[in-house]
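Enquirer: Listed below are the residues making up each chain.
Protein chains: 2
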Amino acid sequence: MTGKPCIICVAITGSVATKSANPAVPITVAEQVESTHEAFEAGASICHAHVRNDDETPSSDPEKFARLQEGLQKHCPGMIIQFSTGGRSGAGRERGGMLPLRPDMASLTVGSNNFPTRVYENPPDLVDWLASEMRAHEVIPEIEAFDLSHIHHAALMHRDGRLATRPYIQFVMGVKNAMPVDRETFDFYRATVERLLPGAEWCGAAIGASQIVMNEWCVAEGGHART
Amino acid sequence: MTGKPCIICVAITGSVATKSANPAVPITVAEQVESTHEAFEAGASICHAHVRNDDETPSSDPEKFARLQEGLQKHCPGMIIQFSTGGRSGAGRERGGMLPLRPDMASLTVGSNNFPTRVYENPPDLVDWLASEMRAHEVIPEIEAFDLSHIHHAALMHRDGRLATRPYIQFVMGVKNAMPVDRETFDFYRATVERLLPGAEWCGAAIGASQIVMNEWCVAEGGHART
Ligand SMILES: [Zn+2]
Ligand SMILES: [Zn+2]
Ligand SMILES: [Zn+2]
Ligand SMILES: [Zn+2]
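Protein chains in written order, with the numbering used here: chain A, 1 to 227; chain B, 228 to 454.
Chain A on its own, in the form it takes in the complex (with noise of 0.2 Å):
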């Protein structure tokens, strides 16, 4: 346990889960705001976001992403808005099309690496391209690492001024064919940020009933959580 304060990140929705898995889930943009607000009353202080179709199918619709602000500029004033540019939601520059509403954080993916039954793919073009996007909107980026060379890749990208800020970290384990849960590369990940990335701000996100383990790991440790 450091003394730093910890911030707290809500993932709401995400882009796989549906009703018919869990009932909770929020799908429509009122759903989403509502919910969220329930998690800021309760202390989050980060809302990262992916917006759905009504059939919910992840969705990268910059008309959607511009109603969930506003709903959370409401209703939940002074949270940290952050979208996601994940591949889910939309192909190409699809992925990145809501970048010019301005978002505080948007998560952007600087590598490619496996995923449970696909290629999680983020070619250099594209990536080079979402940064570019967000330098020009004065997004800060979250840095979502599902390898090791990803802190690498994102570390370059800052020296090189493709990343105006220094980035935000996340961790992100325990997804099938990618990196595993494992606490010696959470120590190896943390230490190569330190060297790498001096003071940057990072967090860990782990994927079902292995999120508990990993917040554990990132409050003690001085990270932040994600829930």
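Which stretches of chain B does chain A cover? Using the computed rule of at least three CB atoms under 8 Å from a CB of chain A, they are:
| # | segment |
| --- | --- |
| 1 | 349-361 |
| 2 | 368-377 |
| 3 | 402-408 |
Away from chain B, derived, C-beta distances all over 12 Å, residues of chain A:
| # | residue |
| --- | --- |
| 4 | SER20 |
| 5 | THR28 |
| 6 | ALA42 |
| 7 | GLY78 |
| 8 | ARG88 |
| 9 | GLY90 |
| 10 | ARG102 |
| 11 | GLU138 |
| 12 | ARG166 |
| 13 | GLU201 |
| 14 | ALA209 |
| 15 | SER210 |
| 16 | VAL219 |
| 17 | ALA220 |
Simulated from the structure, these hints should not be mistaken for laboratory data. We put the beta carbon where it would ideally sit given N, CA and C, even for glycine.
Could you slot chain B with the ligands onto chain A? The hints should help.
Expert: Using the frame of chain A, we list chain B with the ligands on its own:
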């Protein structure tokens, strides 16, 4: 320096360099056999091989691999032959079309990552199919670890039987947009292999001038060397 014998692996040809870049690059099977023979006389004990079409573009033609194997067995008796199943030489299952030739070893990449201008795609079902072909034909896999999770995934595949033998691990560093040449990472890679695949042999490959640095690290720490 450890007391262990150091295995020298010669990577003839590769999949990128052409005669216009370096007239010494062996392209035809006859040139490959001649070049490997020189390295064999000089002490190399593994030959990592790609094959090429007559126009120097990469190929995965099993017939060419068969002629190379025949030439090497004749001119370099006892040399360990390792065929590349890398993605520059073919798409999908074409990449493993030479495995029924039963080379001693074959390269296997168990995850995806970025390359200089594109995604190096190794989807989970293709990885599992290549591994099953290696099991069926008793080919020892050399894992091309382009990132840390690839070591974890190779260890998992060994634990659950998808890799019949303990794999040989090659750390690949210095490819643009993938893992840079980094000493701390090299040391953590070694520690991770020792923890997850105790006793596994490993070696390092780096791009261009960095290969010499990498060879020094490998030889000093008990790994093998790639030229
Ligand atoms: Zn977070
Ligand atoms: Zn997300
Ligand atoms: Zn080797
Ligand atoms: Zn090769």
